[in-house]
Amino acid sequence: GQNIDQPTEMTATEGAIVQINCTYQTSGFNGLFWYQQHAGEAPTFLSYNVLDGLEEKGRFSSFLSRSKGYSYLLLKELQMKDSASYLCAVRDSQAGTALIFGKGTTLSVSS
Amino acid sequence: EAGVAQSPRYKIIEKRQSVAFWCNPISGHATLYWYQQILGQGPKLLIQFQNNGVVDDSQLPKDRFSAERLKGVDSTLKIQPAKLEDSAVYLCASSSPGARAFFGQGTRLTVV
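Residue numbers (the numbering used here), protein chains in the order written: chain A, 60 to 170; chain B, -15 to 96.
Derived by calculation from the structure, the hints in this document are not laboratory data. Treat the hints loosely; a few may be bogus.
Unchecked claim - Think about it this way: if two alpha-carbon atoms lie no more than 25 Å apart in a straight line, the pair counts; the simulated SDA-like pairs of lysine to any residue are: (1) B:Lys28 to A:Gln61; (2) A:Lys140 to B:Ile22; (3) B:Lys28 to A:Phe104; (4) B:Lys55 to B:Ile22; (5) B:Lys46 to B:Ser71; (6) B:Lys28 to B:Gln43; (7) B:Lys28 to A:Ser152; (8) B:Lys28 to B:Asn8; (9) A:Lys162 to A:Ser124; (10) B:Lys28 to A:Thr103; (11) B:Lys46 to B:Gly(-13); (12) A:Lys116 to A:Ser86; (13) A:Lys162 to B:Arg92; (14) A:Lys162 to A:Ala101; (15) A:Lys140 to B:Gln89; (16) B:Lys28 to A:Ser86; (17) B:Lys28 to B:Pro(-8); (18) A:Lys116 to B:Gly82; (19) B:Lys28 to A:Tyr107; (20) A:Lys140 to A:Ile79; (21) B:Lys28 to A:Thr82; (22) B:Lys28 to A:Arg125; (23) B:Lys28 to A:Arg118; (24) B:Lys62 to A:Glu100; (25) A:Lys162 to B:Asp41; (26) A:Lys140 to A:Lys162.
As the list claims (entries may be wrong) - Here are a few chain A residues that sit away from chain B, every Cβ distance over 10 Å (derived from the structure): (27) Phe88; (28) Glu114; (29) Lys116; (30) Arg118; (31) Tyr129; (32) Met139; (33) Val168; (34) Ser170.
A virtual CB, placed ideally from N, CA and C, is assigned to each residue, including glycine.
Taking the hints into account, I'd like the entire structure generated from these sequences.
Listed below in structure tokens is the structure:
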């Protein structure tokens, strides 16, 4: 089966750095995705990792360790607009191409 | 590029009534997904289509939920009869095979 764990809530202040962790268990790992979801809106794609290592994209970076079943999303220079839910999702080759999502981490950024 | 379109945005129905949601994927995307997102949780896959064929419907409650994608483009998801626990946001997503999924804004269903 599949299991994805991430913290329920996190808080941070503007300008800070925050790391959102995600651990997963899957039968046939085939990629890990991070999506951002503002309240009442659609999830939007942030990053994709399929090989070990760090992927950097502007203020956002995502890291993957397949041997540890672990990923993190790093957000730098936090802005108020980064307040949202961050969804960790894995693709399992035994489950087609659909994504299996964690419950999401609600990040609140304060001034 | 136009995104994934869904309608309606909001729907309130009484339990035991029926409801239908519509999705128009991004042009050219062969793969279409319906997800259910209950408040405070991540999206859960209900059904996946490849063109007009079903790839995975293992988590679709088939006694009350049905979905179709007759011409391999638009899709409809129906619930009949609805239960209180069906209150959720229903998200449609589409992708090219193997590529990342793009999500629509969803339909927020409230069953009272």
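Evaluation of the provided hints:
1. B:Lys28 to A:Gln61: Since the Cα atoms of Lys28 (chain B) and Gln61 (chain A) sit roughly 12 Å apart, the hinted pair holds (cutoff 25 Å).
2. A:Lys140 to B:Ile22: Roughly 23 Å between the alpha carbons, so the hint for Lys140 (chain A) and Ile22 (chain B) holds.
3. B:Lys28 to A:Phe104: Holds, at roughly 17 Å.
4. B:Lys55 to B:Ile22: Outside the cut-off at roughly 29 Å; violated.
5. B:Lys46 to B:Ser71: OK: Lys46 (chain B) and Ser71 (chain B) at ~17 Å, within 25 Å.
6. B:Lys28 to B:Gln43: holds, 8 Å
7. B:Lys28 to A:Ser152: Holds: Lys28 (chain B) and Ser152 (chain A) sit about 17 Å apart, inside 25 Å.
8. B:Lys28 to B:Asn8: holds, 20 Å
9. A:Lys162 to A:Ser124: holds, 20 Å
10. B:Lys28 to A:Thr103: holds, 16 Å
11. B:Lys46 to B:Gly(-13): violated, 28 Å
12. A:Lys116 to A:Ser86: violated, 29 Å
13. A:Lys162 to B:Arg92: holds, 18 Å
14. A:Lys162 to A:Ala101: holds, 15 Å
15. A:Lys140 to B:Gln89: With Cα atoms ~18 Å apart, Lys140 (chain A) and Gln89 (chain B) stay inside 25 Å; holds.
16. B:Lys28 to A:Ser86: holds, 18 Å
17. B:Lys28 to B:Pro(-8): Since the Cα atoms of Lys28 (chain B) and Pro(-8) (chain B) sit roughly 20 Å apart, the hinted pair holds (cutoff 25 Å).
18. A:Lys116 to B:Gly82: OK: Lys116 (chain A) and Gly82 (chain B) at ~21 Å, within 25 Å.
19. B:Lys28 to A:Tyr107: holds, 19 Å
20. A:Lys140 to A:Ile79: holds, 16 Å
21. B:Lys28 to A:Thr82: Holds - the C-alpha atoms of Thr82 (chain A) and Lys28 (chain B) are around 18 Å apart, at most 25 Å.
22. B:Lys28 to A:Arg125: holds, 23 Å
23. B:Lys28 to A:Arg118: Status violated; Cα separation ~28 Å.
24. B:Lys62 to A:Glu100: holds, 22 Å
25. A:Lys162 to B:Asp41: This hinted pair holds, its Cα atoms lying about 21 Å apart.
26. A:Lys140 to A:Lys162: holds, 21 Å
27. Phe88: holds, 15 Å
28. Glu114: Glu114 (chain A) is indeed farther than 10 Å from all Cβ atoms of chain B, at 13 Å.
29. Lys116: Holds, since 13 Å exceeds 10 Å.
30. Arg118: holds, 20 Å
31. Tyr129: With a cut-off of 10 Å, Tyr129 (chain A) remains clear of chain B, as the shortest Cβ separation is near 18 Å.
32. Met139: Nearest chain B Cβ is 22 Å from Met139 (chain A), so the label holds.
33. Val168: holds, 19 Å
34. Ser170: For Ser170 (chain A), whose nearest Cβ neighbour in chain B is about 25 Å away, the distance exceeds 10 Å, so it holds.
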